[in-house]
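Letter by letter, the chains look like this.
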Amino acid sequence: MERVETLIRHQQDVNHQLARYGVKFGLYKNGVFQERLFPFDPLARVITAEEFDQLDRGLVQRVHALNLFLRDVYGDKKIIHDGIVPEDFVFAGSGYLPQCEGFVPPKGVYSHISGIDLVQGKDGSWFILEDNLRIPSGASYPLIARELCRRCSPETFSGGGIADNRDYADLLLNTMNSVNTGGLNVVFTPGRYNAAYFEHSFLAEKTGSVLAEAGDLYVEDNKVYLHTMHGGERVGAIYRRISDEFLDPVSFRPDSLIGIPGVMNAFRAGNVALLNAPGNGVADDKGIYYFVPKMIEYYLGETPILHNAPTYLPFYEEDRRYVLEHLETLVVKDVAEAGGYGVVFGRDMTRQQLEDFRETIRCEPRRFIAQEVIDFLDLPIMDGDEQVPRKADLRAFVLDSGDDIRVWKSGLTRFSRNPDSFVVNSSQGGGFKDTWVLSR
Amino acid sequence: MGVISLTNASRLYWLGRYTERVYTGLKETQALYDAFVDGREADYKSYCAKMGIPAEYADTADFCKRYFFDENNGFSLISALHDAYDNAVVLRDTLTTVTLSYMQLAVNAMEDAAKSPTPAVLLQLVQDDIMAFRGSCEESISTAEARATIKLGANVERVDLYLRLGRDPEEVRQVFELLFNRLYRTQLSPDKEKLDLLVDSLLDSSMPDLPSYQLIGAVEGLFPRL
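Top line first, the protein sequences correspond to chains A and B.
Residue 435 in this note's numbering sits at position 435 of the first sequence; the count goes up by one each step and never skips.
Residue 200 in this note's numbering sits at position 200 of the second sequence; the count goes up by one each step and never skips.
Hints were generated in silico from the structure; no laboratory data involved.
Capping the alpha-carbon separation at 25 Å, the derived lysine to any residue pairs in SDA-like fashion look like this:
{"no.": "1", "chain 1": "B", "residue 1": "115", "chain 2": "B", "residue 2": "40"}
{"no.": "2", "chain 1": "A", "residue 1": "24", "chain 2": "A", "residue 2": "341"}
{"no.": "3", "chain 1": "A", "residue 1": "29", "chain 2": "B", "residue 2": "108"}
{"no.": "4", "chain 1": "B", "residue 1": "192", "chain 2": "A", "residue 2": "227"}
{"no.": "5", "chain 1": "B", "residue 1": "115", "chain 2": "A", "residue 2": "19"}
{"no.": "6", "chain 1": "B", "residue 1": "27", "chain 2": "B", "residue 2": "121"}
{"no.": "7", "chain 1": "A", "residue 1": "24", "chain 2": "B", "residue 2": "79"}
{"no.": "8", "chain 1": "B", "residue 1": "27", "chain 2": "B", "residue 2": "166"}
{"no.": "9", "chain 1": "A", "residue 1": "223", "chain 2": "A", "residue 2": "243"}
{"no.": "10", "chain 1": "A", "residue 1": "24", "chain 2": "B", "residue 2": "140"}
{"no.": "11", "chain 1": "A", "residue 1": "107", "chain 2": "A", "residue 2": "183"}
{"no.": "12", "chain 1": "B", "residue 1": "192", "chain 2": "A", "residue 2": "228"}
{"no.": "13", "chain 1": "A", "residue 1": "24", "chain 2": "B", "residue 2": "83"}
{"no.": "14", "chain 1": "B", "residue 1": "115", "chain 2": "A", "residue 2": "15"}
{"no.": "15", "chain 1": "A", "residue 1": "24", "chain 2": "B", "residue 2": "111"}
{"no.": "16", "chain 1": "B", "residue 1": "192", "chain 2": "A", "residue 2": "231"}
{"no.": "17", "chain 1": "A", "residue 1": "24", "chain 2": "A", "residue 2": "195"}
{"no.": "18", "chain 1": "B", "residue 1": "115", "chain 2": "A", "residue 2": "14"}
{"no.": "19", "chain 1": "B", "residue 1": "115", "chain 2": "A", "residue 2": "39"}
{"no.": "20", "chain 1": "A", "residue 1": "24", "chain 2": "A", "residue 2": "422"}
{"no.": "21", "chain 1": "A", "residue 1": "24", "chain 2": "A", "residue 2": "152"}
Computed from a prediction, not measured in an experiment: that's the story for all the values here.
Starting from the given sequences, assemble the full structure and let the hints guide the process.
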């Protein structure tokens, strides 16, 4: 593809621009915080218009069902009473927060920004790997990369044909405004030493929101205010990039020094919107993932458009037997872990390790899910002057404003830089690509 | 984005101060660097004494290396630049990504200079990038108060440095006048007693001269809450 070749020729310019604009992520190595440039590969993932149309419909359907599930779980719990999702998987997970019971957030939206991870099989079919409904990160990277690539290699984008992805900030702002209860929009960050700080500050800038951290916001009479030079300024929506447990020391971990004391009371009083709503972890637990297709059928009466990777729950006896018998061919995931941690490939284990792990599964069946290893499509990346194949996934971003659900026509394609690895997370050394959705 | 949190007001002020510290520091040490290029010894100890920093360097060459580039030396210019960056990077929503990029370029140039056998050209780039950063602040920051707070920080630092370096009283008066005029464009509240002392001494020629250490103390304590 000539467009891609042109961009490759400008790769050095793009890398200079990325360094200039400080496109970084943070990580802790041996207890020391380090900022690193996020490795960028110029060979974009290309999704055809027809392919995206199917993804779009499937993702909207899935996020719609997940939001209905959250409303149900913290409300009437019909899906549990009707025996579709076992109680154990809802209430035993750490994602379920009793503090969120009996309250519906503005416009009934729980997951405003959903990051849905997918992989493509070698036959071209897409599989959902996981749903991220808490604080999914990553949209800022393809957003700024596109801007910089357009600057360095305009001929790649001339004549149209690639859907413009620079509307992400507008989509996010529209979502924030739609649920704002009156006041400022704020992006709330745990601070400079968070892995995704670049994204927090970048999205604050692009949406015209205030970037705030602990100590900048306070709650009075169940309303949230920003400390300013001129006194308190009312806050109507908080895009919080801090996990539930640290969000409010009054309601959650009392030792949190990075939260907003009392914000949950303001939220429950309907005086501020929190994006995403606390408690969403109950729906993106790796164990609950298994039930999402059933949710779609239950709430929407529709057949799922997108499929899960073939998954087994050792919680069920039949599945447990299969997992124990086929452990060496499966990938097993600890439901409590994230970021590529807690993922074990049976094929990489010794005979003794397999036997030990079987015992762990027998003792703690609720703790794990097991999946068939999808032989997913390799994408080419540049390795010096050569193209080499690497495993890659796609994080699609779906925004629910309460008025409509929109899938961003782009996404974060992450790839493994290690030829033998399936793990694509930046914290594990992975890089990223832009995602081009063709407009015709 | 027109709202400035209290925390950000402090960051803007210190961003201005650290940026100025690097800029003036680079200019003021030109003569010392020249001596180093010629292989001569220069009076770096006198410079350190004026700046109130330890003169723990083996010779002029060591000074030129470590005062410029030693990240573990809290008084070095690279440390001051990193402090400026640390304040800037948490102000992206106020400064804009475009403006922040000039600070990133200054840091990149300084880090490259630290590794280069010919750092002078790259140090020139650091100064250029700081100037570009200032121009971009003027161009891109929509909130007048934010712009004024950065400039106020820079003015405070410049008065402080000029007093320390024993610059001509007329030069000090001029930079203090800039500081004084800018005070009223921000919501920052100066310590009135210290401000009066500085105004009397630096702007009112009928008042007796005070020793510089007293003036430096007043400048340093002008904004005790920041």
